[in-house]
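Here the structure of chain C is known, so what remains is to put chains Y, X and L in place on it, guided by the hints.
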Amino acid sequence: MDMPVKKKKLGLKERYALMTRGLGWEPSYQSIDDIFPMDSFEGIKIHDWDAWEDPFRLTMDSYWKYQAEKERKLYAIVDAFAQSNGHLTLSDSRYINTVKLFVNGFAPLEYMSHRGFAHIGRQFRGVGPRVACIMQSLDEMRHSQTQIHAISNYNRYYSGMAEFRHHHDYLPYLQVPKSFFEDAATGGPFEFIVAIGFAFEYVLTNLVFVPFISGAAYNGDMGAMTFGFSAQSDEARHMTLGLEVIKFVLEQDPANVPIVQKWLNKWTWRGVRVLTLVAMMQDYMLPKRVMSWAEAWEIYFEENCGALFRDLARYGITMPPCVEQVRLERDHLSHMAWAHFYQARGTSDFHVWLPSEDDMDWLSSKYPETFDQYYRPRFEYWAKCEADGKPFEATAVPMQCQVCQIPMLFTEPGHPMTLAQRHVHYRDEQYHFCSEHCEEIFNDEPEKYIQAKIAGHEVFKGNAFRPGTDPTAEGFNPAAEALAFFKVEHGRDNGLHHGSHDHRNFEMWRGLAKTND
Amino acid sequence: MSEAGSTVFLALQANDDTRHVIDAIMADNPTAILDPQPAMVRITNRGALVVRRESIEERMGRDYDLQELHINMISLSGRVDETDDELTLSWNH
Amino acid sequence: MAVVAIGKYEFEPSDGASNFHGARIIYAGWDEHLLFSCPYAWPLPPNLPFAHFVQGPMSEAFGQHPDWPKIDWATVTWTRNGETFSPEMDRSIAENGLVHKDSLRFQTPGLAGLDGKGF
Amino acid sequence: MQMDLRTVTISPQRQTYGHVARHLGEDKAASRYQEGTIGLQTTGNQHYRPVWDPAHEYFDASRTAVKMADWYAFRDPRQYYYGSYVLARAKQQDAAEAAFDFVETRGLVATLPEDIRTAALEILLPLRHVAWGSSMNNDSIAAYGYGTALTQPALYYAMDQLGIAQFNTRIGLLLADPQALDVAKASWLEDVRWQSLRRLVEDLFVESDWFELMVAQNFVLDGLLYPLVYQTIIDDTFAQNGGAAVAMVTQFQNEWAVETQKWTDAQLKVACAESAENRALIAGWIAKWKARSASALLPIAQCALGDQAESALDEVCEQLVKRAQKAGAVA
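As you go down the protein sequences, you meet chains C, Y, X and L in turn. So for the first sequence, the working numbering puts the first residue at 1; every next one is plus one. So for the second sequence, the working numbering puts the first residue at 1; every next one is plus one. So for the third sequence, the working numbering puts the first residue at 1; every next one is plus one. So for the fourth sequence, the working numbering puts the first residue at 1; every next one is plus one.
Worth flagging that the hints you see were computed from the coordinates, not collected in a lab. Honestly, I wouldn't trust all of these hints.
[Claimed, not checked] Covered stretches of chain X, as calculated for chain C (at least 3 residues, CB under 8 Å):
id : region
1  : 24-35
2  : 53-63
3  : 69-79
4  : 92-103
5  : 109-118
Computed from a prediction, not measured in an experiment: that's the story for all the values here. We put the CB at the ideal spot given by N, CA and C, even for glycine.
Just chain C, same shape as in the assembly (with noise of 0.2 Å):
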């Protein structure tokens, strides 16, 4: 008998070779490009789809072992954050709404993520990236369910959170992140990536779940900083395969270095819009602070990212010029946003507040510039309004942007007393712009943006009331159809924070957690 011949162990990488993109063959009985038909109609232009260099290299066996692992931590911490009531032993019950704000703007867009490459996972005509991609798009699956799972406990106790899915589809300002995600997954798969993979993955969402976790670490949220830290140890692949696909793209011809950056500059523009919400997250709903969003965007943007940029010059890639508006927003940002949403309250599925004399203090030491001159008056009016028992409060509907969607409540660059309006005229219709870069978007490709579904809009038509409602009868009220067809519990989802069912009862909950009697 043949004494067993010891194998040459096979490196890491070409073991992975043969075990992803070995596994592809050249078709002949259907035609490659009827099997791959989303792969070029983008303009792109891929010669050698084997130049791809694998980012991560996890084969499937792995796989299974290394995020079973991360799921055993994981629910183990939101089982035992549960099981202790440890929502009682936060911070400040204000700091329940940025746990709504992530689960109605952003577990559904996880989701919408792992669609979205599923798509391309199938749509790319190499093995080697359609394997990265049906990777991703499976942790997008596992993101979007911790984020559910964690958050299930706090759905128990607290409003706002029970209805997500249906206020993702339809409330006003849910439509900002549910119509961005849209925009990339209707884009064609390159797009798609470049979008998500990269512009989002890569630039972006460092700047949500670092500071944003790290933040509900130190406030006591065990549940989102377990969730939030280990999406992020899957978000380190996919920044990698972002990055990846950019360079494989640039060296594969010339004539891609255009295409990619018009979809450079769309998406950071459409990505730092979004991420609007978090600036205002981060700087007044967290009760205990780790960072104010003008330092998340030095850290994240201006040195990582400016890192990446230098990187991606040899190929005659620049920096997005949107990013000269993006600076000289970046210390208004958040207090635009929050001066929104305090008096838009009664269409939100979150409670607002005004910053206290100690958060105001907080504000002017991190935005010495912009915040005593710009913002603190008119907080002050508001709380001034709040002590007279007249809080002030819009009711009216906003005028909203036709790409981004956000109400128009953006000043001009360099100007913060001017609200800014860009227009235009495509067939015989009008459309307005929170600014140039939107509108830059919508010229490029108007047949797209004229689709949108506007909120306010979408009132006005009749389509945000519930099915059999007679907007003729008498003493119909629109705006209340309207909350009930959102399903937003009027009085107890919206609102003002303090005196509302989730102060009182937080409150009293932790009282008696803390006493015997």
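Relative to chain C, chains Y, X and L alone:
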């Protein structure tokens, strides 16, 4: 504008598993800076950051597969080059 | 520019005038009054006198501001989609030439928000 | 002093998310599977048409001819959400790892009769391409299907098939060297024995109705292939002829097939119970793809079973017909 001047970073959860990993990285990258934040650490370095399997194994006293890093990794920047023995983040190419 | 698509990509605009049951969407914002975070939108009947728009929906929206009752309407200036506009108060939305999705802004000389600070 | 948390006075305001409660018919505690599945996909207010498919909404139930009043009538009997899925697979992968280790450290490859080793390489290595095809087709279902109840397990199926393709690759590396993979690919591309099957797999790549794809790939093709190859050929024939080592390292595939059939059958059953139209469609698809799949698998069966091939194939076809009948998929 030199690429060697750009910073790379690796962020890890701060827990018992990563203690030795962090020690190994700091030992292997003498110019690296350790930035502890709530529940995490961020290690930054100019140019490149190397994670070596052997250095981690020495400290852990057991075999270590570099892919175990995935369990506790939070974020990174730079290009990744991964072999059985080393994981390198850098802006060099 | 046209959308780069795999096939014919043409759709009716979601917000065409005919979808609003006869009303026209009109937007209005008040300059130097950033207490109101953004301009607002209303579906208005084309035969609504402009004065009724000001005294009705606009007053409801902007009336909370202490400057509102002090406005001298004779001195107010307006823009429409960024261009000078001179509405006649007793004429209707349609007679004033306002079309679907026009965006109005108005300036109130001498009234620059609380403490003159623009909000 | 002890600080009691008097949980009795802390009463939940609700038990689960609103859309989950409405689907369950009452507000009661829901499982992680339910909260992570029911109603998770957007159904309304979609903003833009895809530039890659302007004729449809991004999520559009009309991408299949099957019609359902409620796409969440489908249910995964295994109740897999991501966490329970990876935990189950990690456990199986542990066992598979142990089997590979056992075979390798005991030098069992050297004890394999040469004809078994050759037959295993000739069959299992080209099958990694078939598994990869199944992975692609299930990824299509995950991407273009309607409702998380169906698309979620389809993605798990796609990942499982990738895993199986990789296990088969490892078997190649265990029984031979990397060149064996090239030999197998050449045989997949040119050897006449594989061409009907390759044609079938490539035809499935261009099948646009995702439910038909699910029937053709998962119910029919994989439903015949797995019992034929991993049970009849490997577990029975090889194992009885000194090839137990091959059976050890394909345990994952066998267990997977048994487990996954339950899911596939349950989906067909729900769709067929919905309407006579669905039933007729599905029965037609089964008939159409069964004939093609059986004839495509015959040369492979012959390669291992010789003149026993036809009867072995008849037997697995019979099992498939029984499964179809049980699911109500008869016209």
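Now for the hints, and whether the structure bears them out:
1. With a cut-off of 8 Å between beta carbons, the region 24-35 of chain X has 7 residues touching chain C; three or more are needed, and the interface restraint holds.
2. Residues of the region 53-63 of chain X lying with their CB closer than 8 Å to a CB of chain C number 3, which satisfies the three-residue condition for coverage.
3. Look at the region 69-79 of chain X against chain C: 0 of its residues bring a Cβ nearer than 8 Å to a Cβ of that chain, fewer than three, so the hint is violated.
4. Closer than 8 Å: that is the beta-carbon criterion, and the region 92-103 of chain X has 5 residues meeting it against chain C, so the requirement of 3 holds.
5. With 4 residues having a Cβ less than 8 Å from any Cβ of chain C, the region 109-118 of chain X passes the three-residue criterion, so the hint holds.
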